[in-house]
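Engineer: Chain by chain, the residues run as shown.
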Amino acid sequence: MSGIDISQMPSEAARRGEAASLPKAKPARDQMRGRIRLALGVFVLLYLIIAGRLVMLGLQDPASGNGYAGDSGIAANRPDLVDRNGEILATDIKRASVYAEPRNIIDPDEATELLTSVLPDLDATTLRKKLSTNAGFVWVKREVTPKQEAQIHELGIPGVGFMRESRRFYPGGDTASHLLGLVNIDNQGIAGFEKYVDDHWLADLHQVGFARGEDLEPVKLSIDLRVQHILRDELAAGLARYQAVAGCGIVLDVHTGEVLAMVSLPDYDPNDPVDANKPDRLNRVSAGVFELGSVFKSFTLAMGLDSGAITMDDRIDATRGISVGRFTIDDFHAKHRVLTVPEVFIFSSNVGAARIALKVGAARQQEYLRRFGLLSKVDTNIPEVGSPIVPARWGELTTMTVAFGHGIAVSPLAVAAGDAALMNGGLLIPPTFTPRTREEAAKLAVRVVKPETSEKLKYLFRLNVEKGSGSKAAVPGYMVGGKTGTAEKVEGGRYSATKRLNSFLAAFPMDDPQYAVLVVIDEPKPEKPGAGATAAANAAPIVGNVIRRSAALLGVKPRLEEKDGAILVSN
Amino acid sequence: MGRIFNGILLAAMIVGAVLTYNMKHGAEVEADKVAQLNAEIGREKETIALLRAEWSKLSQPSRLQELIARYPDHFKLAPFTASQFATIDEVPMKPVSPGDLLAKKIAASE
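Residue numbers (this note's numbering), protein chains in the order written: chain A, 1 to 571; chain B, 1 to 110.
If you're looking for bench data, these hints aren't it; they were derived computationally from the structure.
A hint or two may mislead.
Claimed, not checked - With a cut-off of at most 30 Å between alpha-carbon atoms, the simulated DSS-like pairs for lysine-lysine come out as follows: (1) B/Lys76 <-> A/Lys472; (2) B/Lys45 <-> A/Lys147; (3) B/Lys57 <-> A/Lys147; (4) A/Lys220 <-> B/Lys57; (5) A/Lys278 <-> B/Lys76; (6) A/Lys489 <-> A/Lys528; (7) A/Lys147 <-> B/Lys76.
As the list claims (entries may be wrong) - Quick list of the computed label-pair ranges, beta carbon to beta carbon: (8) A/Ala150 <-> B/Glu30: 23 to 33 Å; (9) B/Thr87 <-> A/Lys489: 45 to 55 Å; (10) A/Ser323 <-> B/Thr87: 51 to 61 Å; (11) B/Val91 <-> A/Lys443: 34 to 44 Å; (12) A/Glu143 <-> B/Gln36: 22 to 32 Å; (13) B/Gln36 <-> A/Asn104: 23 to 33 Å; (14) B/Ala11 <-> A/Asn104: 44 to 54 Å.
In this text the structure is predicted, and so the values were computed from the model without any measurement.
Backbone N, C-alpha and C fix where the C-beta goes; we use that ideal spot for every residue, glycine too.
Based on the provided sequences and hints, a complete structural model is requested.
Structural biologist: Rendered as C-alpha cells:
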C-alpha cells in the first residue's frame, strides 16, 4: 500500500538480486530507506531518553521541603545527658521564636495589634517601630510557648514566621551544676561534662554536618542523681549549720573510679547561669587545690607501713613538739607521751606523722606521693582540673609538714582517688564521670601500695571512727571508716589561727570498702558558742549523714550486730 | 484489519494515560501524607522530649524532698534506717498453728 512500510521492503539479499533487474529504481529507493531508518532511530532514541528519565524520577525520593521544618533550628543539637539509672540530667527542648520580615508586612499597625493580643508582654510602641522599618529580618520574641505559636499561626499575619531553636534544659537546676557544666547560646559545651562531650566527638560530628535531628544517643554518666542530691542537700545544710563560706564533696566507687556524686558549693543554676563566672563559683572538687591537712596522714602512714619504715607495733615519741629553725610542729590535741602507730592516726598527731615522714625520707615520700597521683593533675574527663601546688624545695621541714598535709595543695578529687587506692587493695584508678566496669578499671589500675598495707589502713580508718576523731561519722550498720583533717588556712602569707579548712575522708563498709567519700568545708564556725569547729565536729557528721541516706541507694547492705529491737516475722 | 488494530492501540493508549495519571496523582497524595506524618512524628517527638523534661523536673529528688517535708501528715514518709533492711533468709518460717494441723489431718482422713 505504501513504500514507507518497512516490513514490505525486500531484504538485503533480495535487493542484490533485484539490483540487476531494476537498475534505475535503486538510488531513489535506497535514499528513502535510509531516511526512514534515520527518523526511526531518532524517535526510538527520544522515547528511550524519556523512559529513562521517568525511571530516574520514579526512583528519586519526593522532594522534601514542603511541610515539617523542625530541623531548621539555628542552635546545634546536643545529646541528652542521663545519669547511671537513665534519669535525665540535661536535655534539648525545642522552642519556637517569632520573627518578622518588616519589608513584607503590609500594615504594621494591624500586625502590631494582632501580635500584642497574643504576646501581651511585648511593648506595642517598640514593636510598631520595629515593624515599620524596611529591614529584612527582626526578632519579635524569642522562645514562645507552643500555645502562643499556634495562636500566632492562626492569626496568619503575612511576613511573620517562626524559627525553631534548641535550648539546653537542666531539669535538676543547680543539683549537678559544676559537674554538668554549661553550654553557650549556640548550644556548644563550654564547661564541665558538656565541654567534654564537645571536645570528645560532638564538635567533630557537627563540623561534618551530622548530628542532626533527634537521633543522637543519650550520653550516660556515672553519676547517681539521688546520691548527687543527697550530697548537695547535706552539704548545703552543713554550710548553713556551721556558717561556712564554701564546701565541696565527692562520692567515688573505689573499685571502678566512677564518680557517683560531686558537689561544689556555692554553685549556680545552669538554666540561668548569670553568676557561673563569679570567682567563688569554681569547681572546688577538681579545679580547686587546698592544703587539706590531716587527711594526708592517711598517705603518710600508708607510705610508712608500705615501705617498711614503720610497723604497726612501733612507738613514736610525741612527748613534745619538733622545732626546726623558727618553726615548731606541735599537736592540736597533744598527748605528751610516746604513741603507738594507730594512736598517731586516731589522735591525729602532727609530731607523730612528721617523725614517720622523716623515717620514710624525702625522696621516698615524693615517690609515694607521685604514685598516689598527688603531685600531678588528675587524669579525668572533665576539663576543669587544677594542678597541685608542690613546694619547690623539698627540705626536711617540707617533708615534715607535708606529712600532715601542709605546704602542699592538692585537689579534693586527687585525694579521693588516692583514698580509693588505699581502700581497694592498693590500686590507683583514675576517676571518671562515665560508667566503667571493674574489668575496664582493672586495665587502667596502677599498684601504689601492697594489699597488706591497704588492710592495715582499713583497720586504722575504722579504728578512728570507733575510738578517734571520726566518731561523729559513724552510721549503724555501715561500718564507716575515715580520717579527719583540720587545716589552718593561709591568709596573707601566714597560717590563720581562726580560719580553717575542714575535711573528712571516709570509706564504707570497712570490711570490704565499696565507696569513698570526701567532704571539705571552708571556714566553718562552731555550731553553738563553746563547741569545737574542728573537722570532727562538722565535716565528719556531714559525711555520716550522706552515708546514712545514700548507702542503701548505692546497693550496700547494712549489717547490724543486733537489729536494735526490730523483730522479723512472717505473716 | 489495520483500522481495528489502530483502534485497539488508541484505546490502549487512552487507558494507559488515564491509569498513569491516576497512579501519579495517587503517589502525590501519598507523598503528601508521608510528609504530613513525618511532620507529626517530629512534633510528637518534640512533645515527648518536652514531657520527659517536665517529668524529670517534677520528679527531682530535691523537689520530692521539699514536698514531703512540707506535707508530712499527707505522705507519712521518713528516711529508712539500717534496721529496716533484711533478706528473705533472715525471715523465720511461719510457725505452724494447731488449727492448721487439725485441718491437715481432716483433709488426710477424707
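Engineer: Hint by hint, note whether the structure agrees.
Structural biologist: Hint check:
no.	hint	result
1	B/Lys76 <-> A/Lys472	holds (28 Å)
2	B/Lys45 <-> A/Lys147	holds (17 Å)
3	B/Lys57 <-> A/Lys147	holds (21 Å)
4	A/Lys220 <-> B/Lys57	holds (18 Å)
5	A/Lys278 <-> B/Lys76	violated (41 Å)
6	A/Lys489 <-> A/Lys528	holds (22 Å)
7	A/Lys147 <-> B/Lys76	violated (38 Å)
8	A/Ala150 <-> B/Glu30: 23 to 33 Å	holds (27 Å)
9	B/Thr87 <-> A/Lys489: 45 to 55 Å	holds (47 Å)
10	A/Ser323 <-> B/Thr87: 51 to 61 Å	holds (58 Å)
11	B/Val91 <-> A/Lys443: 34 to 44 Å	holds (41 Å)
12	A/Glu143 <-> B/Gln36: 22 to 32 Å	holds (26 Å)
13	B/Gln36 <-> A/Asn104: 23 to 33 Å	holds (26 Å)
14	B/Ala11 <-> A/Asn104: 44 to 54 Å	holds (52 Å)
Comparing the model with each earlier hint shows violations of hints 5 and 7; every other hint is respected.
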